[in-house]
Amino acid sequence: MILFQYFCGCPNSSITLANLQSVMRKQHIPDDNLDIVEISSIEQAEREKFSGSPTILIDNIDIYTLEKPVSFSFACRVYNIQGQNTGVLPESFIESRMDEIQQRLREVT
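Numbering (this note's numbering), first residue to last: 674 to 782.
Worth flagging that the hints you see were computed from the coordinates, not collected in a lab.
All C-beta atoms in this analysis are idealised placements derived from N, C-alpha and C, irrespective of residue type, glycine included.
Just to be clear, a hint being listed does not mean it is correct.
[Stated by the list, open to error] Below, in silico cross-link-like pairs of lysine to aspartate or glutamate (DMTMM-like), each with a Cα-Cα straight-line distance of 25 Å or less:
{"id": "1", "residue 1": "K741", "residue 2": "E780"}
{"id": "2", "residue 1": "K741", "residue 2": "D772"}
{"id": "3", "residue 1": "K741", "residue 2": "D705"}
{"id": "4", "residue 1": "K722", "residue 2": "E768"}
{"id": "5", "residue 1": "K722", "residue 2": "D704"}
{"id": "6", "residue 1": "K741", "residue 2": "E721"}
{"id": "7", "residue 1": "K699", "residue 2": "E719"}
{"id": "8", "residue 1": "K699", "residue 2": "D772"}
{"id": "9", "residue 1": "K741", "residue 2": "E716"}
{"id": "10", "residue 1": "K699", "residue 2": "D732"}
{"id": "11", "residue 1": "K699", "residue 2": "E773"}
{"id": "12", "residue 1": "K699", "residue 2": "E780"}
{"id": "13", "residue 1": "K699", "residue 2": "E764"}
{"id": "14", "residue 1": "K741", "residue 2": "E773"}
{"id": "15", "residue 1": "K699", "residue 2": "E716"}
{"id": "16", "residue 1": "K722", "residue 2": "E773"}
{"id": "17", "residue 1": "K722", "residue 2": "D772"}
{"id": "18", "residue 1": "K741", "residue 2": "E768"}
{"id": "19", "residue 1": "K722", "residue 2": "E740"}
{"id": "20", "residue 1": "K699", "residue 2": "E721"}
[Unchecked claim] Listed next, with one range per pair, are the computed distances between beta-carbon atoms:
{"id": "21", "residue 1": "E716", "residue 2": "D772", "range": "32 to 40 Å"}
{"id": "22", "residue 1": "E764", "residue 2": "D705", "range": "14 to 22 Å"}
{"id": "23", "residue 1": "P703", "residue 2": "Q776", "range": "19 to 27 Å"}
{"id": "24", "residue 1": "R698", "residue 2": "Q755", "range": "17 to 25 Å"}
{"id": "25", "residue 1": "E780", "residue 2": "C749", "range": "28 to 36 Å"}
Let the hints inform the model, and build the full structure from the sequences given.
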């Protein structure tokens, strides 16, 4: 299951979501495997261990850190991709991390 978390007003969430959906189409992953969740309060962020907006989780593993979230942040998220700070996860990064997480999950089972 793929979980996309964001909060309203995040300037990077719509672009990152579009990139994620593009990768899903390329990999023939059905839309119903994607759950889009708006985080609307600090309490919800804490309860769901929201890492910031936008966040993509695959089977509860953060696509950026490759770990399960343990803390929370109700803020815009900044990523360092190839030495550049950005709030948007590019398609190439999403695709490679999705492949890496799926490989790890196959090795465990």
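Going down the list of hints, with the structure as the test:
no. : hint                    : result
1   : K741 x E780             : 17 Å, holds
2   : K741 x D772             : 17 Å, holds
3   : K741 x D705             : 22 Å, holds
4   : K722 x E768             : 23 Å, holds
5   : K722 x D704             : 24 Å, holds
6   : K741 x E721             : 11 Å, holds
7   : K699 x E719             : 33 Å, violated
8   : K699 x D772             : 12 Å, holds
9   : K741 x E716             : 19 Å, holds
10  : K699 x D732             : 19 Å, holds
11  : K699 x E773             : 16 Å, holds
12  : K699 x E780             : 23 Å, holds
13  : K699 x E764             : 10 Å, holds
14  : K741 x E773             : 15 Å, holds
15  : K699 x E716             : 36 Å, violated
16  : K722 x E773             : 22 Å, holds
17  : K722 x D772             : 23 Å, holds
18  : K741 x E768             : 19 Å, holds
19  : K722 x E740             : 12 Å, holds
20  : K699 x E721             : 29 Å, violated
21  : E716 x D772: 32 to 40 Å : 35 Å, holds
22  : E764 x D705: 14 to 22 Å : 21 Å, holds
23  : P703 x Q776: 19 to 27 Å : 20 Å, holds
24  : R698 x Q755: 17 to 25 Å : 24 Å, holds
25  : E780 x C749: 28 to 36 Å : 33 Å, holds
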